[in-house]
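The primary structure of each chain is shown beneath.
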Amino acid sequence: MVQHAEQLDGAFAALSDQTRRGILERLGRGEASITDLASKFEMSLTGIKKHVSILEDAGLLTTEKVGRVRSCKLGPRRLESESAWISAYQQMLAEQFDHLEAFLERTKGNE
Amino acid sequence: MTHIVAPVPARALLSTPSDREVRMERIFNAKRERVWKAITEPDLIAQWWGRGNRLVIERYEFERGGHWRYVEHSDHGDHGFEGRYREIVPFERIVSSFEWDGMPAHVAIQTMTLEQLADGRTKLVSTSIFHTVAERDGMMHSGMEGGANESYEALDRVLAALS
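Protein chains in written order, with this note's numbering: chain F, 928 to 1038; chain L, -2 to 160.
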């Protein structure tokens, strides 16, 4: 995982956060303004801007100012974002198996 | 799946096969029947799949071709995952597609196999292969247009042969 993260530079770190994964998930369905995102994730504009700028630095997201509204959409680094997704998937699977293990342990007597 | 670009080695389009494969192996301290139940009964899946987040199983058609859809709900948002079953061999093997709403149409095929060990434990092996056109698109951005162009040329030849 460590090697992977290095290879992926910012992309993996950007995706390691649940809110940021949520933002990408939302943008996968279409563009959204900073205000839209802040209201969806129930965060302050400052808070959401921080996440957006991390995603933007990683190339996973681009923003464009249209009038007074800053609009966000998925970025051009498709390969990198996919690699980051594969790494995030790997991490998710590992966590799931940890939880499966814990579940099997706590239901042990019920066979 | 039909590999239309078969004349071009698919591997050439990817940096390494391992970059698009996730393999994970775990040994659980439980008999195979119990592990099988935990990974196939919706009430039980809901208790671990969401990794501590509330999981809503929106669809669960556990049969070949059947559709599954799970949504993880957390304080930071909802995450939808879905797929369809390609193969089910009771107590042994499940092959299914896997997709996350955040990366639409970036489909992985996940194969899970269970093996009963002599000591009463069970080995679970999960192999997921990510197979998407985005990898090819990505190569265009990373300056490896050559490989992508070759594959487009191969596709052109195939399309020409079909017309």
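Mixed in with the good hints there might be a few duds.
Computed list of lysine to aspartate or glutamate pairs in EDC-like fashion (alpha-carbon distance at most 16 Å, straight line) [unchecked claim]:
hint, chain 1, residue 1, chain 2, residue 2
1, L, K120, F, E1028
2, F, K1000, L, E89
3, L, K28, F, E952
4, F, K967, L, D75
5, L, K34, L, E60
Worth flagging that the hints you see were computed from the coordinates, not collected in a lab.
Comparing the hints with the structure gives:
In summary, the hint linking K120 (chain L) to E1028 (chain F) is supported, as the alpha carbons are separated by about 12 Å, within the 16 Å threshold. A C-alpha spacing of about 42 Å is found between K1000 (chain F) and E89 (chain L), which places the hinted pair above 16 Å, so the restraint is violated. Restraint check for K28 (chain L) and E952 (chain F): the C-alpha separation of about 37 Å exceeds 16 Å, so the hint is violated. A distance of roughly 10 Å separates the Cα atoms of K967 (chain F) and D75 (chain L); the hinted pair therefore holds under the 16 Å criterion.
Restraint check for K34 (chain L) and E60 (chain L): satisfied, since their Cα atoms lie roughly 15 Å apart, inside the 16 Å limit.
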